[in-house]
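Enquirer: If you want the building blocks of each chain, they are given just below.
There are 2 protein chains.
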Amino acid sequence: MKKKYVYLFTEAHGLGKELLGGKGAGLAEMASLGILIPQGFTITTEACNKYYEDGKKLAEDLLSEIHKKLKELEKITGKTFGGEHNPLLVSVRSGARVSMPGMMDTILNLGLNDTTVEVLAKETNNERFAYDSYRRFILMFTNIAKGFSRKEMDGMLEEVKREKGYTQDYEIPAEELKKLIVRYKEWYKVNIGEEFPMDPWDQLVEAIGAVFRSWDNERAIVYRKMNNISDAWGTAVNVQSMVFGNKGETSGTGVGFSRNPGTGKKEIFAEYLVNAQGEDVVAGIRTPLKIEELKRQQPEIYQQFADTSAKLEAHYRDMQDMEFTVEDGKLYFLQTRSGKRTAAAGVKIACDMVDEGLITEQEAVSRIDVSTFHYLLYPTFSSEGLDHGVVLTTGNPASPGAGIGKLAFSAAEAKARKDQGEKVILVREETSPEDIIGMVAAEAVITARGGMTSHAAVVARGMGKCAVTGCSDAYIDEESKTMTVNGKVYGPDDLVSVNGSTGVIYLGAIELIPSQMSGDFARIMSWANQFKRLAVRANADSPRDAIKAMEFGAEGIGLCRTEHMFFGEQRIFHMRKMILSKSLEERKQALLELLPYQKEDFKSLFLTMQGRSVNIRLLDPPLHEFLPKTEEQIEELAQALHLSLTEIHTRIEVHQEHNPMMGFRGDRLSIAYPEIAQMQARAIILAAIEAQKEMGISVEPEIMVPFVIDSLEFKKVKEIIVSTCDEEINRANVKMSYHVGTMIEIPRAALLADEIAKDAEFFSFGTNDLTQMTMGLSRDDASNFLKYYYENNILEHDPFQTVDIHGVGKLIQLAATLGRKTRPDMHLGVCGETAGDPLSIDFYHQCGLDYISCSPYRIPVARLAAAQANIKILKK
Amino acid sequence: MKKKYVYLFTEAHGLGKELLGGKGAGLAEMASLGILIPQGFTITTEACNKYYEDGKKLAEDLLSEIHKKLKELEKITGKTFGGEHNPLLVSVRSGARVSMPGMMDTILNLGLNDTTVEVLAKETNNERFAYDSYRRFILMFTNIAKGFSRKEMDGMLEEVKREKGYTQDYEIPAEELKKLIVRYKEWYKVNIGEEFPMDPWDQLVEAIGAVFRSWDNERAIVYRKMNNISDAWGTAVNVQSMVFGNKGETSGTGVGFSRNPGTGKKEIFAEYLVNAQGEDVVAGIRTPLKIEELKRQQPEIYQQFADTSAKLEAHYRDMQDMEFTVEDGKLYFLQTRSGKRTAAAGVKIACDMVDEGLITEQEAVSRIDVSTFHYLLYPTFSSEGLDHGVVLTTGNPASPGAGIGKLAFSAAEAKARKDQGEKVILVREETSPEDIIGMVAAEAVITARGGMTSHAAVVARGMGKCAVTGCSDAYIDEESKTMTVNGKVYGPDDLVSVNGSTGVIYLGAIELIPSQMSGDFARIMSWANQFKRLAVRANADSPRDAIKAMEFGAEGIGLCRTEHMFFGEQRIFHMRKMILSKSLEERKQALLELLPYQKEDFKSLFLTMQGRSVNIRLLDPPLHEFLPKTEEQIEELAQALHLSLTEIHTRIEVHQEHNPMMGFRGDRLSIAYPEIAQMQARAIILAAIEAQKEMGISVEPEIMVPFVIDSLEFKKVKEIIVSTCDEEINRANVKMSYHVGTMIEIPRAALLADEIAKDAEFFSFGTNDLTQMTMGLSRDDASNFLKYYYENNILEHDPFQTVDIHGVGKLIQLAATLGRKTRPDMHLGVCGETAGDPLSIDFYHQCGLDYISCSPYRIPVARLAAAQANIKILKK
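Order-wise, the sequence lines are chains R and S.
The number in my numbering is simply the position in the first sequence, starting from 1, with 160 added.
The number in my numbering is simply the position in the second sequence, starting from 1, with 160 added.
Certain hints may be false.
Any copy, or any two copies together, can satisfy a pair, since identical chains are not distinguished.
[Stated by the list, open to error] Calculated lysine to aspartate or glutamate pairs in the DMTMM-like style (CA-CA distance at most 20 Å, straight line): (1) LYS1032 to ASP680; (2) LYS239 to ASP362; (3) LYS970 to ASP914; (4) LYS742 to GLU795; (5) LYS875 to ASP391; (6) LYS789 to GLU817; (7) LYS450 to GLU671.
If you're looking for bench data, these hints aren't it; they were derived computationally from the structure.
Construct the complete structure from the given sequences, taking the supplied hints into account.
Expert: Below, the structure is given as structure tokens:
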């Protein structure tokens, strides 16, 4: 039997997306449900592949099949293609197996020519509309079917507007449009070397070929590469009759949702415009009416819409977003798809639909949009308030949430004013670890420099603090306590509202709406736990973080960064003393003074976590990060250590590095100064022993060695840790298990993971550093050039936010495989910034990791994403 | 048949190193040649494995086999183990399949006890010697056989010396040694819990087990891991009768070479000491005599030595380094091995032996020691001169050679004084690209900071300029033009001699010997070319470099760094203008001004290379490297560009980076500013067109894109290059092929090499950056902590000098395989610093690369190493 390449929508039901593409399958679905749609036919994806096989040509038999279906379509619609009465106009649209938004092309109003345009003008009684449609069709055809830039035709339009003083396209009258059409057709002839085709059949054949070719345009190739879509799938083409909502008072057009997409309430939510085309809504000529108007004017049409809306929702078992047109009192559905909704609506709709028996709990979890879910955790500004807000400046939406307060220009100032009951916003050029105290005190943080992964951004997200970074318009002067934006100066008495979810900063206070974390939210979270396989832990350095993490459902601590504990006033002094010590003895003495602080910190963590896993990382940053930066601090230190200023300066200089990220840090410190690792191991194990005794619950600490590159290196440090721990365990005469493992955050460690696994009991992937090294990309400097990589479609995501699955991911997969080859029960986790990112979590799930560890405020999203990742696999 | 585990030397010939170990096989070899050796037996490597299988025990049957051979040995020697007359004393030594120097243990004089020591004293008529031997034996036995630290016994010895006022061990008289032995034995009893064994058989059994166990000590395990030696090989044990050269006037001991190891001349070269043990030579009690003395005193012994020396040389077909002892007029050979020789001697001996028909040309090439070969390229200080030199300070031997001159403290000063005919040494805290002009002018370079891979070191090696870096004792003050070392101040009038091969700096001028590059050297080089498969290219940025490279036999240029061309006075100005330009137009204008300079540079390179391959890399370093550093330069630039100082400062600040090595550099510049790549591509292709026309030889440039991480990124830049080049080729209407490829220097590029290979026509591995990223190791900062990695045996080599085969090498191998999977004829090279290192070259040969590219002065070594790598494979 000869293969069939073209199907009417009415005969295509059940043939599937692979053959029909997503759009074609949807239209066939509606047709089979008996819903009125503008009729048409689908040319299959197989025809697309045939088109390429035939050397980018539509073969004769394919053409005759299309022609046959076109004749059938004329019969169904009662219209004639190119007819002088009631002419059939069609749209020609691509439709691939999966949605590739904006990647391929569409041509509308095909079938218009010098004759049919007049008929259209008469039938719609709207000459301007008809000629504007014709003008647009010529432009689309030239651009898409013939592949010429639209620049010059757009220029002609602008010229007319300039000459005649029109500011909007819709102000141009029919007469001018007719002249423009003449000029368009002239340009077409000169540049393309032939007349603009008047025969609709010629138009159609060109358009179909163009849509097939658009499968292989550069944008589409890049998009497919990034989304793992096979080049071999091809696109289908849908040829659909046009309907017009501007044929009179019993015509119109509208969009609607089957539930309220803002609140999730179960009610028809739609807008309608009498005697209008969809484009009129977009152009903003007239304000659409609420759907209630339609109910009054054409109650039977309204009822028909409501019934069909319910039918489609029940059929697709999801809230629908529909486009419809009424032509001469007949309701056509142009499109239906799952509707976008706010985070709050998403949660409510999912839960309601479970209660209505429409979907399962598993489906409810898989329906939630992870990309907006975290908004539910923070108070938000009311949309009314935002509408009336006065924008002060904008930056990167670095950490979501809303914060209101007066400007404070240093950490100390923020802390002092907060202590006196004032609400403040910390404003800094950029932040450093010493600003943390001020960030804790502030309602929100603003910086003039730095991107989404700057210090301020990372730390703020870690503490769930609202932050906007990189407000490049703002000049901040700490001395004079001023922030200058576009010549206006703001000071400590100015009140601002910071929207961390959008990056906008407003003058004055904007109304707040509190966060929702109970009810439906809690139901979704508890279902997520049922369906996920990955454990979700928190990155937490203090009991405060740990408590927050447990509130959000953390199952343990996956990363405790001990260095954050060294910035307290007394501690930093001992730390600096340790770093600047000239002899082993001096260093040991300084470490001895740090030990009790560390032990108490760890103990309160163990007590807080009540026997859950706690993974503590040994000192990681280069030592110079702890040294004083200001002349004042240097003087203070010189006095305290009885050293000359010159000596302090010299020693600070010795610690400077050209590329500190690849410098003297992590395990290198333990190899050079084993006594530091020893002190930290002792503090951890003593804390665990005391906590175990006090709670009567067994504690099993995990000790993590950072920045390892070699198995012998790890072995050496593990021996130091083990001998220290065992000594204290024996001395205390208690039973205690503990585990020593390593971070995999340098490519060499990933490449040699099988060797390192001989001694390492667990791996934790540190994707921040692993991404830096694997991509040769300094996180602090990358914002200067990564933008060019996004613009050029070389990279799609910030690789520090969403793991670079293609490159870095290959190394992670390799290390996981090598590690488990040596140690089949190797415990694998990830604790970098990407551990809170849904796309990355999906990948980690596929890699077979055991847990992810992210900042407390990202835990709900992580739990949800982990559940969705698992459900996706279960469904297959 | 029962397996045999023990062989007399006289029955072991031909059993091979696998079974006997290297030492055992050598002794069996000498025995079979009829050369008199102290007899003994070898316990095989299989016995070692059996020892481990039996739970670290010597099984009964093995013991009885050893006992049987010991009895046979008594018969052969006429001596009795533990006998009261003529006692048999033995050494017990390890001997693995390949030499593992210093890794395992040796025990001498085993068989000594309270009885035999007296016999030894009587027979040697040297009581002091006998008791000292006994003392040493107890110490070695305690340390090696029993595994106790020698610290306390050494302490007792020091105590005696301190109390009695002896400064050297050999001053201690027999009486004191006897007392010391009593104390040693007491310590042994208290600490080990048993009497020191008096029964020689017990001593032997313990000693054999200890040598077997030493196979698994930590040092040995690390050494094996680093040298890819299998843990399963095991070590053999050699038990050999002791002979004594101190039995009177017809006894003696000596060492000798079969040729002169200093000059290579064919003559006996030996030293002899009458009535002495080998240790006496080491202890420096007496000055040994030239071998001529032996000739006079015992002519028949001399003749015997000369004959055996010739016999051994002929047998091993290499110059031999021999140890011998004369006991009562009988000449014993204790050891023979290939002798170490100077670079000059090595070349002469190899050539002479070819002429003598002793070895083939291939063998001659494989015999040359690559690690010293490059000394032949530079003038050297005479050894007499060095012996009398006054050391000023020392640093790293960063670039070999010898330089004499007066101190100059800035590049400008060095240049000015050189122009006036003075010879100067450039002295800097550390160097930066702007110092290059001064480095060119200077005879040698000294820096106070930086290691073997600092800027000064790399650039100096590149130009074949002598350099000593990291003289940490030296304080250099450019302002006052002084260098202070240990309180002494040196200035512009002080003359120094810099030895770049040893890192020592001398006061005053030391006599120079010119380099040898003709005669035997040239013969070896031409043979090397016959046997190598790898092409050897040069890293060269200027015609001067290129001429030097061709003199040394370069087959092309593998890396021309265009950035080095931007530092000329006019160029740097246009470069800075380009970098600081505010608009695309301004930048294009500045680039237009740079174009002619670049074109001329490239053209003269093409002309110099006469049609050989020239590979030019597009701009690589971050732009801030070109910006002015001093306030003066900034003011100059501000004036020239009509910009305010503040504006210049602000723009310079914008370019600063936290981790510039992973910053805005390499291909990132081309993605952000395609016009830079365009200008460079145009300059290259115009230069090639002109050069081709002038020479009438076809030119086929290679254009290399640095720092690539992605296939789409490379593709985009390749398109820019290709369209620019094709435009110029078409405009000139000439025929020209050119190739566009990429560096593989970021792990992600290596991981995705198969994708990048779709468009890249060649890969060049940049091991400097690849090592930095793969190991997370900043080259500029690593010297602060890598020393701890060497100390702890975690790393063996500086990974920037010798490629880290285990880690980075894994990535190189992977990328080579992936690249050739996509493009089977993919041209592969390496242009990083390691491309001139013999160990690395051996690895690159094994990886199947096509060429290596190193600095001109390393080319002879690289050619030799490439030949040796190939010969090694051919031999297998």
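Enquirer: All hints are to be evaluated individually against the structure, with a verdict given for each.
Expert: Taking the hints in turn, this is what the structure says about them:
{"no.": "1", "hint": "LYS1032 to ASP680", "in the structure": "neither (22 Å within a copy, 72 Å between copies)"}
{"no.": "2", "hint": "LYS239 to ASP362", "in the structure": "within (18 Å within a copy, 114 Å between copies)"}
{"no.": "3", "hint": "LYS970 to ASP914", "in the structure": "both (16 Å within a copy, 13 Å between copies)"}
{"no.": "4", "hint": "LYS742 to GLU795", "in the structure": "within (19 Å within a copy, 41 Å between copies)"}
{"no.": "5", "hint": "LYS875 to ASP391", "in the structure": "between (47 Å within a copy, 18 Å between copies)"}
{"no.": "6", "hint": "LYS789 to GLU817", "in the structure": "both (14 Å within a copy, 18 Å between copies)"}
{"no.": "7", "hint": "LYS450 to GLU671", "in the structure": "neither (27 Å within a copy, 101 Å between copies)"}
Hints 1, 7 from the list above are not met by this structure, while the remaining hints are.
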